[in-house]
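Sequence lines, in order, name chains A and B. Quick note on the working numbering: the first sequence kicks off at 1 and runs consecutively. Quick note on the working numbering: the second sequence kicks off at 1 and runs consecutively.
Identical chains blur together in the list; that is why a pair holds if it fits in one copy or across any two.
Subject to a maximum C-alpha distance of 20 Å in a straight line, what follows is the list of computed SDA-like cross-link-like pairs (lysine to any residue):
id : residue 1 : residue 2
1  : LYS2      : GLU51
2  : LYS54     : GLU64
3  : LYS411    : ASP252
4  : LYS348    : ASP316
5  : LYS133    : PRO369
6  : LYS119    : ILE195
7  : LYS119    : SER193
8  : LYS160    : THR20
9  : LYS160    : ILE21
10 : LYS368    : ALA296
11 : LYS49     : CYS85
12 : LYS54     : ASN5
13 : LYS200    : GLY73
14 : LYS34     : LEU212
15 : LYS49     : SER61
16 : LYS133    : SER107
17 : LYS2      : VAL172
18 : LYS238    : PRO178
Hints in this document: simulated from the structure, not taken from any laboratory.
2 protein chains.
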Amino acid sequence: MKEVNAAIITIGDELLIGQTIDTNSAFIAQELNKIGIWVKRRIAVGDVKEEILKAFNYESSDCEIIIITGGLGPTADDITKPALCEYFKSNLKVNDAALENVRNIFSRMNRPMLESNLKQAEVPHNCQVLQNKRGTAPGMWFEKEGVVYISLPGVPHEMKGMMTDTVLPKLVNTFPLPAVVHKTLLTAGQGESMIAEHIKDFESSLPAYIKLAYLPAYGMVRLRLTGRGVDKQIIKKKVEDYFQQLKQVVEDWLVTDEDTSLEEAIIKILREKKVTLATAESCTGGYIAHLITSIAGSSDVYKGSIISYANEVKQDLLNVSRNTLTEHGAVSKKTVKEMLQCVLQQIKSDYGIATSGIMGPTGGSEAKPVGTVWIAVGNNLGSVAQHFHFRFDRTRNIELTAYAALNMLRKYIMQF
Amino acid sequence: MKEVNAAIITIGDELLIGQTIDTNSAFIAQELNKIGIWVKRRIAVGDVKEEILKAFNYESSDCEIIIITGGLGPTADDITKPALCEYFKSNLKVNDAALENVRNIFSRMNRPMLESNLKQAEVPHNCQVLQNKRGTAPGMWFEKEGVVYISLPGVPHEMKGMMTDTVLPKLVNTFPLPAVVHKTLLTAGQGESMIAEHIKDFESSLPAYIKLAYLPAYGMVRLRLTGRGVDKQIIKKKVEDYFQQLKQVVEDWLVTDEDTSLEEAIIKILREKKVTLATAESCTGGYIAHLITSIAGSSDVYKGSIISYANEVKQDLLNVSRNTLTEHGAVSKKTVKEMLQCVLQQIKSDYGIATSGIMGPTGGSEAKPVGTVWIAVGNNLGSVAQHFHFRFDRTRNIELTAYAALNMLRKYIMQF
Chain A
1 MKEVNAAIIT
11 IGDELLIGQT
21 IDTNSAFIAQ
31 ELNKIGIWVK
41 RRIAVGDVKE
51 EILKAFNYES
61 SDCEIIIITG
71 GLGPTADDIT
81 KPALCEYFKS
91 NLKVNDAALE
101 NVRNIFSRMN
111 RPMLESNLKQ
121 AEVPHNCQVL
131 QNKRGTAPGM
141 WFEKEGVVYI
151 SLPGVPHEMK
161 GMMTDTVLPK
171 LVNTFPLPAV
181 VHKTLLTAGQ
191 GESMIAEHIK
201 DFESSLPAYI
211 KLAYLPAYGM
221 VRLRLTGRGV
231 DKQIIKKKVE
241 DYFQQLKQVV
251 EDWLVTDEDT
261 SLEEAIIKIL
271 REKKVTLATA
281 ESCTGGYIAH
291 LITSIAGSSD
301 VYKGSIISYA
311 NEVKQDLLNV
321 SRNTLTEHGA
331 VSKKTVKEML
341 QCVLQQIKSD
351 YGIATSGIMG
361 PTGGSEAKPV
371 GTVWIAVGNN
381 LGSVAQHFHF
391 RFDRTRNIEL
401 TAYAALNMLR
411 KYIMQF
Chain B
1 MKEVNAAIIT
11 IGDELLIGQT
21 IDTNSAFIAQ
31 ELNKIGIWVK
41 RRIAVGDVKE
51 EILKAFNYES
61 SDCEIIIITG
71 GLGPTADDIT
81 KPALCEYFKS
91 NLKVNDAALE
101 NVRNIFSRMN
111 RPMLESNLKQ
121 AEVPHNCQVL
131 QNKRGTAPGM
141 WFEKEGVVYI
151 SLPGVPHEMK
161 GMMTDTVLPK
171 LVNTFPLPAV
181 VHKTLLTAGQ
191 GESMIAEHIK
201 DFESSLPAYI
211 KLAYLPAYGM
221 VRLRLTGRGV
231 DKQIIKKKVE
241 DYFQQLKQVV
251 EDWLVTDEDT
261 SLEEAIIKIL
271 REKKVTLATA
281 ESCTGGYIAH
291 LITSIAGSSD
301 VYKGSIISYA
311 NEVKQDLLNV
321 SRNTLTEHGA
331 VSKKTVKEML
341 QCVLQQIKSD
351 YGIATSGIMG
361 PTGGSEAKPV
371 GTVWIAVGNN
381 LGSVAQHFHF
391 RFDRTRNIEL
401 TAYAALNMLR
411 KYIMQF
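Make a model of the complete structure from these sequences and hints.
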């Protein structure tokens, strides 16, 4: 089966001055991969018509699908539509459904509509319009000399919604694509190179149509098997067989055999065991609570948190003794143990997490350098505390502490 | 002065399957812009030699500077150096300083060194070697037919260090560059198109060498003026003059006239007024605390939070009366007001924020649909509460609620 190649073109000066980090391309690439389309290149160009046209020409030389995001806003610097008109020898005309959509959105928001907003309903006359349920800019689908061009707004949730609702199903219908089956598991506690060494026999036993990918994130490693072929049922069966083998080989570090995040895996465990969780966060400053509450339905199992950023809050709300703070310091085993005990009582939850550390860039000392962290997890039957030393910047130290805490909790709960 | 154009090429399959979000390009683009180099394109290609060579040829057709990151690791799929050798008709030879560096790093880490690590000290014989103080892979600088090619490792902190220490100063010495001055302000409470309408006279009064950019984020809009010219002092003065005019035109919505985030702006205000903040978060689930505590130095002004995800935590820890919860519901003006009053007392802070809402996808009702939010902000002299209705997915509803709350707090504090 011939490989179908795609290119992603993102448009906007903000990408070229480094103002915006391009998360759209990563999402689009992931979704295209899942349906068996290989992304050959990603390219970002500015709000310059000639540059956009040059990119269309270049990408269409060896790709069958070109996905374009950005440059569809209401302001004058949005240049994608004029470029599309020139490239497809087209003229703008109002699309009635898109106009209706713009009117509805403004009437729902109860805001006055400007001429520039109405202009968003204009599209090149020779495109298929992809309606946008989440915003005012419609998407466009063109075909020219065997290449499909899809233009989407750059606003991430609008783009994502349109990809999922419309673009992906339409691509599956338009192109003969291979059957692609992914199976992913999550490991924690072992680095990428050590896992690679440990599973090298398994890896070399894989047939050519099944690939293994290592996807490291936050001190964990996700392993993904991807099978490609003609018959979906056969591929699925084969990938499943190898996946079972892989699970056994990495069982010591296995967190979950589903393609979920650690926080989702924990919510699932808590729900299955019909137990609740509370957190007492100092150095993570609410990030653990945020990770958990970002998951829909977390309110079934998560009760709340006391964030004791200031030491007096540790004393007042978490009953950490003045003695502990002066003798052992806020970043100590004794402090996190006391925080944990108190939050379990105060919030009346079955399980708890407590964190305290120095995230940097300042606040470190010789005895407790930046990156020093204590974490405690437990329930009313007991608790464990562990010391960590992370060596990154503030943001990454916070992230690594949160995931280390969640993984400690997971291991602790699994005993019961 | 002739414009100097650059292209950024990032190399790695992980970028094409959407596994990695490319933050390196944004950093490089920002830094190049600051010294007056315009990034014309960013391109990501896979670990395929032909694709890399094709990108070199394409980018060198209209750019004088090509910065390449990634593909310099010790494993077999790292293909950048073979591609460079072919393109520059070169052979690999060991660079003594780079070898010494690799040896030092492994001896410091007390780890055994593999053959593949030693190979990292090999570089094409006709490049200038850029030493890497932070890792094992050296950088390379080539010149060919008037174009400079710079190859850097993809590990972010290594790449950033080398850019700052070596590449940027060397570029400034190599190319005649214009003076570039940016000034940015942040607005809240008005959409992009409405601002554009409101400031169109100002915008059309700008001289050709000063550009205005709209950068929307989380219900706010950042406006940036960029001036370019020969004489830095003159440009700076001109940009400053127009910036003062712009500030006046948007003064009703002005959050800060610095290029900072809303959370940074608030921490600055709190620090200047020598006051403290606490939060009581329900629907935002710790996200406000996380935004604030992500900023280094926030511990000076931020004391902590009570996250009352479960209603009983609202009663137990935030003294919201049972009566309020049954009569008005958890998502009500009365609930957030009571949450606010309690957290100000419990955490003994000068200012407070309280949030409660329904973030979705479930939990909505006819009277209180998904996206319904109440926010209260205040101090011991009073408080204000406001109702919002956000219409996005869970993640975005949480983000918008957090930024709406921070902006309410900012406006409230400014009265005192």
